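A.B. asks: Spelled out, the chains give:
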Amino acid sequence: MSVNRSAVERRAATLGTRRSVKKDWQAAWLLRAVSCIDLTTLAGDDTPGRVRRLCAKARQPVRPEILQGLGAAELGLTTAAVCVYHAMVEPAVAALRGSKIPVAAVSTGFPAGLSPFEQRLAEIRASVEAGAREIDIVITRAHVLLGDWQALYDEVRAFRDAGGDAHVKTILATGELGRLRNVYQASLVCMMGGADFVKTSTGKESVNATLPVGITMVRAIRAYGERTGVRVGLKPAGGIRTAKDALMWLILMKEELGRPWMEAALFRFGASSLLGDIERQLEHQLTGRYSAAHRHPMA
Amino acid sequence: MSRIAEIYETLEYGPAPESADHADAWLDGHERRFGVFLGGAWEYGSSGETFETVSPSSGHHLATVTQGSAEDVDRAVRAARAAFPEWRALDGHARARHLYAVARRLQKHARLFAVLESMDNGKPIRESRDLDIPLVARHFYHHAGWSQLMAEELPGYAPVGVVGQIIPWNFPLLMLAWKIAPALAMGNTVVLKPAELTPLTALLFAELCDDAGLPPGVVNIVTGDGSTGAALVAHPDVDKIAFTGSTEVGRIIRAATAGTGKRLSLELGGKSPFVVYEDADLDSVVEGVVDAIWFNQGQVCCAGSRILVQEGVAGELERKLRARMETLRMGDPLDKGVDMGAIVAPVQLEKIRSLVAQGQEEGARIWQPSWSAPEEGWFYPPTLCTDVSPSSTIAQVEIFGPVVVMMTFRTPAEAVALANDTRYGLAASVWTESVNLALDVAPRIKAGTVWVNCTNLFDAAAGFGGYRESGYGREGGREGLFEYVKPAWQEGRRGGAPDADGSARGGAPVDAVDGHGPTGSSAASDGQDESPSTEARAPAERTAGPSLPGIDRTAKLYIGGRQVRPDADYSIPVRAHDGTVMTEVPRGNRKDVRNAVEAAHEAARGWVPRTAHNRAQILYYLAENLSARATELADRLTTLSGEASRATEEVDAAVRRLFTYAAWADKWDGRVHHTPFRNVTLAMPEPIGVLAVVCPDEAPLLGFISTVAPAVAMGNAVVAVPSRQGPVLATDFYQVLETSDVPAGVVNIVTGSDEELRPVLASHDDVDGMWYFGSAEGAADVERLSTGNMKRTWVDHGLERDWFSAEQGQGEDFLWEATQIKNIWIPYGE
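In order, the protein sequences belong to chains A and B. Mapping of the first sequence onto this note's numbering: position 236 corresponds to residue 236, and the numbering continues sequentially without gaps. Mapping of the second sequence onto this note's numbering: position 602 corresponds to residue 901, and the numbering continues sequentially without gaps.
Heads up, none of these hints are tricks.
Covered stretches of chain B, going by a simulated chain A footprint (3 or more residues, C-beta under 8 Å):
(1) 311-322
(2) 568-580
(3) 1121-1128
Derived contacts from chain B toward chain A, CB cut-off under 8 Å, selection only:
(4) Ser301
(5) Arg302
(6) Ile303
(7) Ala304
(8) Ile306
(9) Tyr307
(10) Asp429
(11) Asp638
(12) Glu732
(13) Asn752
(14) Cys753
(15) Arg977
In short, the hints are calculated from the structure, not lab data. Because the structure is a prediction, the values reported are computed rather than measured. We put the beta carbon where it would ideally sit given N, CA and C, even for glycine.
Extracted from the complex, chain A is given alone in its bound form:
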């Protein structure tokens, strides 16, 4: 098992130059991207009011007349989930009541993941009890950096069990793992430990979701699926801000894993500002005029 960084980077560099999605196709793909967004706020100054605003945006991520104009009104478009800290789970659940949008909670001492192990388990249980249907856990990076794969497996297994029926996404914090080989191995171990998704980053590392990291994780997902038949999802998070970025990631998913990995069941964006850019592009697609941020309701 090996990952050659230079070769992976070359692949990353040509993904977006080998494929192009234009016009109606671009609009459709961007709508698809919206449906895969875990609309996120993970700030120290989050309040219930701020979270309610976010949830409202998740319910109606694109102005209805734009959707109408694009012939996409009947899609019932929402974001995939709303992602918050544990403290904000309750207001989010309340705000999303009546929709099918799940609340995802970052957990286990997010973002560093170094609080006492029992507390981390308790945090998962508390969020699930509060109504979170998805749990984004962070792994102990030290296990990866020290090559203690058993410890990593045990940790993920324990988190998985604590999460019960909740959807578990394991955050690798790839920006802190040092090498792509570690990313690949950690992805595999997390999947063995029962992760439903592997996620690149907390958004708090200095380097977040990069395409080479994405390619590496996607290849691990493919290898795991080939051996077990289990489909695991990918969630790139952090640093994905433009519609163009979103298309690039969707192209990656289509190229390396195929169509099933192009919807929310197996693919999510962890993003806060991405939606705004997509909205502008969709309006441009509709009107032929370049749009402005203030023409779209904020989250």
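Once you've looked at the hints, dock chain B against the given chain A.
C.D. replies: Chain B alone, transformed into the frame defined by chain A:
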């Protein structure tokens, strides 16, 4: 359901066409008719003949182009000749400004060039836009720099003159840049013939040269078919031919230019190995294969067309490849979302089809993806052939299409053996995560470029070119410049007969053969007509003393470290200056050559891995032992020439020369090129292999040492035919070889007739290179007969060199000719 809602479900890519409007407008602006570009002006051809160029993806007419006639070629060469004196006289900075202007203009019109290239050639716009055209601009920038630096970096070198350049259709503008940029930078003027199938970007380039203010005649473009190329090759006033294309045509050009004194560089075909070791990143290997063989529809001379995979991971790789092939996209070359476009022409498509069919007949399993190629235009799907062995036709011949064969190996050594089991040697790709393995294997693969964990990377700063039947010469990098310069002392002399028919030779000393009157150093009698002589011996061994007769010294051949009798026991006399026979040497024949070449190969296996320091020590030791026998050798030379002081001088010069090459042995360093990737590109000089050397007739000792020593210093094993006039110096010398720790077989000496031995050596398919310092006729023979294995040759066309001069008798020139540069690309990063 609306269309967008539908696509929301299918998530297909849809079309993403690049507009052809600007390119069409340019074509229309010329009414879709083009002349030839001569002396800075457009002319419509002397013959009035034209041909059509069409779009490979639709078959639609693009433009009507002039069929350049021999007369057009002649006028182009005249224009280039007329422009040459002024162009070469410009200082490097001025030429650099011109090349810089060309580079800038290329960038400013990059998209127009890219679109036009894809229309004419059928390659995906992604490739022309992201690879071809940026590399073209890069090539001109880089060589603008070499022009600026020429005076300091290449002192003692002068431009070659008027260069005829013939390029292929697979990378039309890029090959033009590889040809024109270094030629112009070094002060040459050019006549370039683009490929018949893809002339358009060259014509646009001609227009650009005009706009950029390039002096008229510096660049001339003559469009046409093979006959136009042939006229260019045959033109007597062309000083050099540079060709990229098939090995078949390369052979024809080599034969056609033999003996004319024209310089030649050839970049020919390939069947490049793509070696996958079990520790490689197989997912990345798969993308590597995409870049290797499905780049430009596989119409790439260095395409990695032979996958050699370690047996244990072969099944997994095959499975991954098949899956990947399903996701390749083929279609309109101007679609921004396709991986593969069209095959350039029906004839090429037919060739691919028939070779694949032949492969199938021979038992190969053919795999193609489930999607089908477009019906309109000339398309061929990506194809993987398994159940193939080295003996399969499709594993040997260049298909020049998107077809890759896959074979397995067991050990690193077997991988190298399979990789080298080909007539070609253009490139190789090696995939392993082990630095030990990569750096062990890369030097052992016979190829001009070795890509480690990557493939098909190119840059102006790195040399590109072949080993073996993939040609000779390099394009790019410092090593590429030497194709377009010659030592300044050779200015004004070209040698050979410009008419290429092998008859008249100018300045050949051999004209004066009389067999009995060697006059100084220019005599060239080789005893061809001499029957074993019974004439009275000259008192050649007079040093033995006044009263006793000398003891007969029987010279033998020196093969494989042993003194051996010739296959046929014939001897030829060696005459003293007064015409008397001083002794006899064996008359070696073709079997002796065969034995010597075998011995040399045997020796090369041990000689190449020796450290350069060790080779230096042996050369110093040779000098030491030669010096110890200086008096005896000087006496021999005196007997031959009658000039005692010159003889002493020659022995002294020979000792110095050995010191020179002992010194060079560990100093002819490679380089690390600054290619714009995160990698080291190592440009390593490697020996040619087994080198045949026909030594000059003149200066029997110094000529022998001056040619054999650099070859050996650089790690070659040599089969030397010593001076026919004074072979005894070489046969005396083998005793020095024996006492100097020169390993058996590194230097082999076959005495005999030039006429008899040179064709055997020149046509020997296991001789890797040949130096010839004999007559003009001999040089023509050697060049003509080298086509069997396309061995690299170096001849003086019968022109003399002053072997006593440091400028002419030694130096860089000899080291370049004794080595070939291999570029090894090693990306890094964890």
